[in-house]
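Chemist: Here is what each chain is made of, one letter per residue.
Number of protein chains: 2
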Amino acid sequence: MRAPAEPAPPIDTDALIIGAGPVGLFQAFELGLLEVQAQLVDSLPYRGGQCIELYPDKPIYDIPGLKVCSGRELVHNLLQQIEPFHVPFHLGRQVNAVQRRDDGRFDVHTTLGDHFVARAIIIAAGVGSFLPRLLRLPGLERHEGTQLFYQVPEGLSFSGQRVVIVGNGPSALDWALRLAEANTLRAADRVTLMHRREVFDAAPEVVERMHAACRAQRMQFIAAQATGVEETAGRLSGLQVAGGDGAQHTLALDLLLVFQGLSPKLGPLSHWGLAMERKQLVVDTERFETSEPGIFAVGDINTYPGKKKLIVCGFHEATLAAFAAAARVFPDKAIPLQYTTTSPRLHHLLGVDTPAAE
Amino acid sequence: MRAPAEPAPPIDTDALIIGAGPVGLFQAFELGLLEVQAQLVDSLPYRGGQCIELYPDKPIYDIPGLKVCSGRELVHNLLQQIEPFHVPFHLGRQVNAVQRRDDGRFDVHTTLGDHFVARAIIIAAGVGSFLPRLLRLPGLERHEGTQLFYQVPEGLSFSGQRVVIVGNGPSALDWALRLAEANTLRAADRVTLMHRREVFDAAPEVVERMHAACRAQRMQFIAAQATGVEETAGRLSGLQVAGGDGAQHTLALDLLLVFQGLSPKLGPLSHWGLAMERKQLVVDTERFETSEPGIFAVGDINTYPGKKKLIVCGFHEATLAAFAAAARVFPDKAIPLQYTTTSPRLHHLLGVDTPAAE
Numbered sequence: 000m001r002a003p004a005e006p007a008p009p010i011d012t013d014a015l016i017i018g019a020g021p022v023g024l025f026q027a028f029e030l031g032l033l034e035v036q037a038q039l040v041d042s043l044p045y046r047g048g049q050c051i052e053l054y055p056d057k058p059i060y061d062i063p064g065l066k067v068c069s070g071r072e073l074v075h076n077l078l079q080q081i082e083p084f085h086v087p088f089h090l091g092r093q094v095n096a097v098q099r100r101d102d103g104r105f106d107v108h109t110t111l112g113d114h115f116v117a118r119a120i121i122i123a124a125g126v127g128s129f130l131p132r133l134l135r136l137p138g139l140e141r142h143e144g145t146q147l148f149y150q151v152p153e154g155l156s157f158s159g160q161r162v163v164i165v166g167n168g169p170s171a172l173d174w175a176l177r178l179a180e181a182n183t184l185r186a187a188d189r190v191t192l193m194h195r196r197e198v199f200d201a202a203p204e205v206v207e208r209m210h211a212a213c214r215a216q217r218m219q220f221i222a223a224q225a226t227g228v229e230e231t232a233g234r235l236s237g238l239q240v241a242g243g244d245g246a247q248h249t250l251a252l253d254l255l256l257v258f259q260g261l262s263p264k265l266g267p268l269s270h271w272g273l274a275m276e277r278k279q280l281v282v283d284t285e286r287f288e289t290s291e292p293g294i295f296a297v298g299d300i301n302t303y304p305g306k307k308k309l310i311v312c313g314f315h316e317a318t319l320a321a322f323a324a325a326a327r328v329f330p331d332k333a334i335p336l337q338y339t340t341t342s343p344r345l346h347h348l349l350g351v352d353t354p355a356a357e
Numbered sequence: 000m001r002a003p004a005e006p007a008p009p010i011d012t013d014a015l016i017i018g019a020g021p022v023g024l025f026q027a028f029e030l031g032l033l034e035v036q037a038q039l040v041d042s043l044p045y046r047g048g049q050c051i052e053l054y055p056d057k058p059i060y061d062i063p064g065l066k067v068c069s070g071r072e073l074v075h076n077l078l079q080q081i082e083p084f085h086v087p088f089h090l091g092r093q094v095n096a097v098q099r100r101d102d103g104r105f106d107v108h109t110t111l112g113d114h115f116v117a118r119a120i121i122i123a124a125g126v127g128s129f130l131p132r133l134l135r136l137p138g139l140e141r142h143e144g145t146q147l148f149y150q151v152p153e154g155l156s157f158s159g160q161r162v163v164i165v166g167n168g169p170s171a172l173d174w175a176l177r178l179a180e181a182n183t184l185r186a187a188d189r190v191t192l193m194h195r196r197e198v199f200d201a202a203p204e205v206v207e208r209m210h211a212a213c214r215a216q217r218m219q220f221i222a223a224q225a226t227g228v229e230e231t232a233g234r235l236s237g238l239q240v241a242g243g244d245g246a247q248h249t250l251a252l253d254l255l256l257v258f259q260g261l262s263p264k265l266g267p268l269s270h271w272g273l274a275m276e277r278k279q280l281v282v283d284t285e286r287f288e289t290s291e292p293g294i295f296a297v298g299d300i301n302t303y304p305g306k307k308k309l310i311v312c313g314f315h316e317a318t319l320a321a322f323a324a325a326a327r328v329f330p331d332k333a334i335p336l337q338y339t340t341t342s343p344r345l346h347h348l349l350g351v352d353t354p355a356a357e
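Residue numbers (numbering that gives the first Met the number 0), protein chains in the order written: chain A, 0 to 357; chain B, 0 to 357.
Hints were generated in silico from the structure; no laboratory data involved.
One or more hints might be untrue.
What the hints assert, rightly or not - Lysine-lysine pairs mimicking DSS-like chemistry, simulated, CA-CA at most 25 Å apart:
1) B:306 - A:307
2) B:66 - A:308
3) B:264 - A:66
4) A:306 - B:308
None of these values were measured; they are calculated from a predicted model.
Given the sequences, and given the hints that come with them, work out the whole structure.
Modeler: This is how it looks when you write it as structure tokens:
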């Protein structure tokens, strides 16, 4: 018999960076050079933010000194660059509460129950948290987590269930095929993939497998749009749909999986009481600090006169914010500007040998 | 018979960038993306500024996305990146005069007689122009260009001359060897290399060649310091020197070549009437414009609250200055922010094919 779980002690950190996109990653680097310990939180389950979510394989041409790189390559390079600082990542969770403590530090809580105590918070949240695009139908919302899922929880049983999957991208097709091709003992009773048009945003071989599964009657695809829900004794029992020809009918179902992609949402952040302008956090250009001392904002999420939403600008903002955060963490110390080319101290922090003096 | 040379017509350009260091180079890139034509002037005979002059082979660790690169590699990468814009370079000359014209443009003149007419000037002059460190002795200055040289002009005759070379670096040794090893018809009468200590800052094989030339009595090296000059009938006839033992004597000479390295000087720039603070040009953080509308300053030469002399900050400054300069060049046009990842227009300017739409 196990004792009831004690709440884990809070995680102490000098700085908490919210957002693991390119600017958040470089933020960790600049803090590292100033010997400020940082931890990173991101709502996505992987690192790289927009670079990975929106354009992993598309070329970027305006990173100085990198004639061309993909979003994935840029993130890879930045992760390599921050390696010496061993920054802990806390992925797949949102910061949902921030409170200033009496000692000037911040209590920060996430949707997965983490509790951080941080001397400085640096928001590098880009366009916000990437959250699943919802299927908006009157009365549908209340079934989320029981019959409606935007992410499939581990252990969900499909056995004998009639499953409707909405979407036309990799996740939708992947789940449709996984269920259609499952062995019969654990198989769903019926698998229906639905999207408003018969156009798929997935690798050709995956689309071909899906067509093959339809021909083998292991699943079906219908081109239609959901218009309403049907309930029976409080349970979701059907989805009302309209086909391309306008014909209405009802798809009986037990489980509804929706994969309509992710869309950025500012989320809880917009309720922290920070000064905002057109959904951006207002910062100064000396410290990139928000209206709340100790909370900084860098990258696409901030605004100031002249602001351009460019990665190259975020890198600069992160650099100056690092100096300002360091001044908070080490209030009694002057924060010197040292050069990575010449400083033995920085070479030590970066784990590179200082060449012998000439 | 040639007609007397007409002065060349002035060179029209949208923007003139002063300084071809990393920030000046990236400035040309950002202007290029905004379709602003730029030309570049630098006092050094090569591109790259401090990166090449001060640390060509030393590692830099804090360029975002480049875990490590040498000064030379960074400059190489930036030159590659700006290739699509075919930016003309005017090297080995200083801008020595800037005047605003009635039409709001600027007349810009250089020490080599170039005349530019530019709609915007962007000063990316770093720590200033790298100019030769002078040998300061009373009365010596007036012989510069006739018997005293910090750079050897093409066609200078050494035949039968007694040449004294001051310095211990590659240029000093190179010139000493060139003269010592010349064939007898054009040879100098006597070649003396002088430095205060018998320590050389050149490749070992070059130092060895120099020692061999001394053993063969084709040249001599003396460890001494210049303390004064001697003149005969208005001509520089000798250099008074003090050896390591304190002994004084005079080196008779006809030509004096001084190679004591380069040192950055703010130069004429400090007399343009721009607002300055501790030898830096004061700029705003929205446009990075100096006190003179249309003249911008980016990189190590500028100052503003929070300023850090880091390349990563200069890249941001150049980006915002480019938008401000573009607004000057195209006063009737909105300057949109476009992304190199998605904009067909930018892909066209960069000379890269736009992948077919999905």
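Chemist: Each hint should be assessed against the structure and marked as holding or not.
Modeler: So, going through the hints one by one against the coordinates:
no. : hint          : verdict
1   : B:306 - A:307 : holds (19 Å)
2   : B:66 - A:308  : holds (24 Å)
3   : B:264 - A:66  : violated (32 Å)
4   : A:306 - B:308 : holds (20 Å)
The structure fails hint 3 only (numbered hints given earlier).
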